[in-house]
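Based on the hints, put chain B in the right spot on chain A.
Protein chains: 2
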Amino acid sequence: MRIALAQINSTLGDFESNKNKIIESILSLSAKKAEMIIFPEGALFGYHPFDLLERDSLISQQLKVLKQITRSIPKNIHVLIGGFEKNAGKGRPYFNTAFLCTRNKIIKSFHKELLPTGDVFDEARFIEQGKIKNNYFKLNGKNFLLTICEDIWAWDSIYAENPIKKLPRKKLDLIINMSASPFHKGKMAMRLKMAQKTARQLKAPIAYVNMVGAQDEIIYDGQSFILDKQGKLVHKMMSFEEDTNIFDLTTRESWNRSAAKETEIEQLRKALVLGIKDFLHKTGMTKVHLGLSGGIDSALVAVLAVDALGANNVKLFALPTQFNLNESFAVAQQLAKNIRVDLKDISIESTFQHIKNIIDEEFKIDKFSLTHENLQSRIRGLFLMAYSNFSGSLLLTTGNKSEYATGYATLYGDMCGGLAVIGDLTKKEVVDLCKLYNREAEVIPEFIITRPPSAELKPNQKDQDSLPPYDLLDQSVVNLVEKKKPAKTKTDHWLLGQLMKTEFKRWQAAPILKISAHSFGRGRRYPIAHKAKG
Amino acid sequence: MRIALAQINSTLGDFESNKNKIIESILSLSAKKAEMIIFPEGALFGYHPFDLLERDSLISQQLKVLKQITRSIPKNIHVLIGGFEKNAGKGRPYFNTAFLCTRNKIIKSFHKELLPTGDVFDEARFIEQGKIKNNYFKLNGKNFLLTICEDIWAWDSIYAENPIKKLPRKKLDLIINMSASPFHKGKMAMRLKMAQKTARQLKAPIAYVNMVGAQDEIIYDGQSFILDKQGKLVHKMMSFEEDTNIFDLTTRESWNRSAAKETEIEQLRKALVLGIKDFLHKTGMTKVHLGLSGGIDSALVAVLAVDALGANNVKLFALPTQFNLNESFAVAQQLAKNIRVDLKDISIESTFQHIKNIIDEEFKIDKFSLTHENLQSRIRGLFLMAYSNFSGSLLLTTGNKSEYATGYATLYGDMCGGLAVIGDLTKKEVVDLCKLYNREAEVIPEFIITRPPSAELKPNQKDQDSLPPYDLLDQSVVNLVEKKKPAKTKTDHWLLGQLMKTEFKRWQAAPILKISAHSFGRGRRYPIAHKAKG
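Here the protein sequences line up with chains A and B, keeping their order. Just so we're aligned, residue 102 is where the first sequence starts under the working numbering, counting upward by one. Just so we're aligned, residue 102 is where the second sequence starts under the working numbering, counting upward by one.
Next up, chain A with everything else stripped away, as it sits in the complex:
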């Protein structure tokens, strides 16, 4: 029996486009003699739905479209499509569902049992638990078990019970897992481990079909795979792009080639590029712009934006005051030239002086202070947002994770923007990614990478005047935020204090593309009004 895995990029709530994509895949894969075609979790509705599930009418729209899809299924072909189904009984209003369909018919629906509620997930808000013990089915003489994403993740201690371990012993030809599993560094190894344990426990191969594409902060990396019943990887699909494969249950052979190995930094690049591309595409925008300071963060964001959207869709602004060095502008210009993007130079010095004079007089301020530093940052935000209003271009935010963690960012200043592209990268990752772009030729001028970081908001300012050295800071960010460890070092303790008192800034931050196990943004929910010292 030939099993197809269709790793597609759905758009949340775009039922027409998801339908067309699913039908196209069905037709092309059945033309290649696939007998069962498997789509990712939530492929029809889009995923993660968040509180769109408040709106019942969307579920009706989805069901209507599902019926339309079944009319396009060729005879004797079976299709598994992820979506949401109304719960007719008691409990929460929907099930996270895999619909087993054939020509003109929805044969059966299978429900997810384990509902993730950690980090970015909120499945316990609207989803009722199913039972995977009801998810066995037989087709063409073969025995299948259907699981959805988290159902195979209870091998660690987060769940009091592991439903996989409680399953009856039944003959199984294939375990299917339909997922919308977000990318983060190290995630693929975790997935393989969970799938391996499941395959070994149930003594059957597993077909893991993951979503690809980005939605707000979450990036799905695809990388769907097949393991044999010993848990050995027999096929892996492409990362960060749509892909298909057909696996023959009898011959154990794959129709498509397995994806090549990639470095982690290359995966980071692909993740962020997809994150930008899909945010634009799925919000109906085409162009972006940002302030290019001559520092490393905005340089990287500019290069990523060009990688994602092409030079024609990116615009850069230099918005200097007296505190910006000439070298900063020179290297910004060089970078803009390298990536063939227009860099517009608008001095904000006169505006800064104009407002500074007023506030100094009105508020009786007699010396240069943080107020004036923030003022410059906010004037930049104001010019960049004026361009947004005028042109319909999306302003990209350029802060990195280490800055967000310490609160070293100006609310309504450099925090302005619709998408925080590198807000989940440590400073080291920013450098590494710049080096990746420079591997073949110098795209980002070396000076940008090696110069001491500075906000250039007062004379001779260096980040290191206010912050610990970035290597120590990065390590503390990883330990405290990503690994949630207790504070141990001096830098840890300092950072913990900063984290606790700067939450009010992050509360109002733009969506942050998530590439780590624990990012700022909607997956990390801290209060503002508290006295916890951590």
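Worth flagging that the hints you see were computed from the coordinates, not collected in a lab. Some hints could be false.
One copy or two, it doesn't matter: identical chains are merged, so the pair holds either way.
[Claimed, not checked] List of simulated lysine to any residue pairs, SDA-like, C-alpha gap at most 20 Å:
no.: 1; residue 1: LYS585; residue 2: TYR237
no.: 2; residue 1: LYS457; residue 2: ILE447
no.: 3; residue 1: LYS232; residue 2: TYR260
no.: 4; residue 1: LYS187; residue 2: LEU154
no.: 5; residue 1: LYS632; residue 2: LEU154
Relative to the frame of chain A, chain B by itself:
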């Protein structure tokens, strides 16, 4: 047996201050011959903890403080204190717990069974389910059942099973419910209904002990109560302030007086005042400021701020351009005089012209547009934030719910601020609250209340040029957002479109004091990148 209800205002993570408050209550209530003293859910840790539960060290700190408390409990007195307990077994890391303590001893801990995950709640992130069938206990010959908040809320269909209905029939002298139940309009009636059903089902009186105080967006209203076993209200405690009562299980008499009835609008006022007061207090701030436009929204926020913090802690700014009418300034001045607050008048006209000239030239803009309207709003934000930086005063945001719903607000402009005081009020509620303040004397000049709303960002602008009439808009906001109903009217459909496309603004909004069943803010989690039409 004399049962005390201690409705206290805890601060999240402030173990020392919570401990002291709890010990004081224990001593004063046991002096009044209370034999058992009941505190709210989470009283020791503070509530809602959100992701502070990531930090294990906080749980250790809490346990240490709990032991200190037990040393202060007088002999033969029993105390029930809400907090979090580590889960030693499998599953999520903590239990939401009621600790039964006596002198020098934690006798037993009881765990919450139903974990709310709707709206602002996130209990399934870190909390493992307990079983209320294990929560029976006997003391001084009396039989008790301990429940925590949501445990008595499964009378509607959100939960597949109602644990109250599955309890064995046992003799019960009192049901205890320890809650941290947030206020919203109509909430008290729901609580009474849930408690009534529980009392009748188990044929026992119920003591409902609720938290009071505000934390970020959530306002706990107290209003703890006792129902007899027929579900009749026999005592209700004060709203929006700390209060205590002692109820004698034998005589069925209360030591303290029952709270007087209040109108809904008076409760709204108290809620918002407490919301402001506690946000400041619990973040360690004392002063607030805001832009006073001469419109109704900022007028109301100014009056609420004075009500919460006193005139000395409030500062007002008029930041006019050529588009602000003289009458607007005159009424703003009158209001400032009425509430005895300093109104500082700083024209932003020259700044507006200065920046307008630059952007018109640089971006080749040749006619007055939305860009210029937003520019004015953002310049105001910039001045108000400069004052924040300079003085340490908190900027209050003045948008109402109907504006937030439509996206009729400028990101980084009038959306600047640390707390959105009236962001969950419809325009009608804004008017009603102004009228409440004017009941005895004209505090808010009548012209402010009756004039047609205008943003005054271009000549002769009226809100109604861009928005539906506020009475229709308000109704649609209530139907679509609060009641989550499908769109029916023309205004509904228009608003649904606006809601779906303006989420990017609300994503970056300040915390919004929640007074309705469903507010914008952390309890309503909508995606940005999607094509759902609702």
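Check: Between LYS632 and LEU154, at a C-alpha cutoff of 20 Å, which is it: within one copy, between copies, both, or neither?
Finding: between (35 Å within a copy, 14 Å between copies)
Next item on the list: Tell me, please, which holds for LYS457 and ILE447 at an alpha-carbon limit of 20 Å: within, between, both or neither?
Entry: both (18 Å within a copy, 13 Å between copies)
Checklist line | Alpha-carbon proximity context of LYS585 and TYR237, limit 20 Å | finding: neither (38 Å within a copy, 36 Å between copies)
Check: Is it within a copy, between copies, both, or neither that the alpha carbon of LYS232 lies no farther than 20 Å from that of TYR260?
Finding: both (15 Å within a copy, 16 Å between copies)
Checklist line | LYS187 and LEU154: within-copy, between-copy, both or neither at 20 Å Cα | finding: within (10 Å within a copy, 33 Å between copies)
Going down the numbered hints, you'll see the structure goes against just number 1.
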